[in-house]
Every structure is written in structure tokens, then in C-alpha cells.
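Please build the complete structure, drawing on both the sequences and the hints.
Residues 1 to 151 (our numbering) are what the sequence shown spells out, left to right.
Quick caveat, the hints were computed from the structure, so don't treat them as lab data.
Any given hint could turn out to be false.
Subject to a maximum C-alpha distance of 35 Å in a straight line, what follows is the list of computed DSBU-like cross-link-like pairs (lysine-lysine) [as the list claims (entries may be wrong)]:
1) K85 x K22
2) K22 x K122
3) K122 x K85
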Amino acid sequence: MTSTTGTPRPSSLDPGIAARLKRGADGLLPAIAQQYDTGEVLMLGWMDDEALHRTLTTGRCTYWSRSRQEYWVKGDTSGHVQWVKSVALDCDADTLLVRVDQIGAACHTGERTCFDADVLLKDGVPGSEAAGAAAGEAAGGADCGTPAAAQ
Numbered sequence: 001m002t003s004t005t006g007t008p009r010p011s012s013l014d015p016g017i018a019a020r021l022k023r024g025a026d027g028l029l030p031a032i033a034q035q036y037d038t039g040e041v042l043m044l045g046w047m048d049d050e051a052l053h054r055t056l057t058t059g060r061c062t063y064w065s066r067s068r069q070e071y072w073v074k075g076d077t078s079g080h081v082q083w084v085k086s087v088a089l090d091c092d093a094d095t096l097l098v099r100v101d102q103i104g105a106a107c108h109t110g111e112r113t114c115f116d117a118d119v120l121l122k123d124g125v126p127g128s129e130a131a132g133a134a135a136g137e138a139a140g141g142a143d144c145g146t147p148a149a150a151q
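Dropping the structure here:
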């Protein structure tokens, strides 16, 4: 992760793992959280090297908040903890898949997943884009990678 001054943020991530990662210009990788036993996709968060290190060593998901510019551990505020079962790097080394045991809601809106409210296509039939947009506005249009106070 790079600070606002352009200085890399210190990390204890294994250098062998760090060397394999293809980060965005902001030093972040998308991290998809998936329920380990059902395959349900829960949420998308962002990790830098230190967040990944903390996730690998503590057994709980740590993310980087792009809006607050700080680390957050899923469930510290809400109790909706993500217990890490496995972490995998995709074939391009630019996305993480974190398989977790999710306790409670994964989304800051209180929904089980961040993908419950705005379905654009279901069973091959397009959903109502207008209804989806209204649902997003009702939820405050929040970025699921940026936790609200409820998280």
C-alpha cells in the first residue's frame, strides 16, 4: 500500500507472496469473500500487503478502507465476523478469493451478502434497472468495500 506521500506502507507479508501480487496503482487487490461451505459470494473488499498479512496470520479478514484510509477487521464493530478458512490467488495474481465462515450479515446494510438487493439478471431474465437503482439510493449508495458504522 502506498501512503499519500508515495511511501510504501510497511508490511510483514512474506516477501515470496508479495512478489507474486499484481496490485492496482493504489497498491490494492480486490478480495472476494465467499462462504466456504456453500460457495455463496458474500462481499468484495480491498487488501494491501499488510491487510493480507493480517488476514493470513490472524484467521480473520482485514481489509483496507479506501474512504477512511485505514485497516478494518470485519466484525470488530458489528460482531459479523469472517473466520478465514482459505485464501487463494487467481491465475493472474490480481484478485484474492477468501473463503470464510461468515457469522451474521456480510453487508453493511444488514443483508447476508452485498449482492442481495440489486439483481440485474436472474434465471436469464433481466430485472428492473429502475428498481435496482432505487434500492441502491435507499441504501445510501455505499461502497460495500467501505464499512458503515454498523460494521
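Here is what the structure says about each hint:
Distance check on the hinted pair: K85 and K22 sit about 23 Å apart at the alpha-carbon level, within 35 Å; holds. For the suggested pair K22 and K122, the alpha carbons sit about 33 Å apart, so the restraint of at most 35 Å is met. A hinted pair counts as satisfied when its Cα atoms are at most 35 Å apart, and K122 with K85 qualifies at roughly 29 Å.
Checked against the numbered hints above, the structure breaks none of them.
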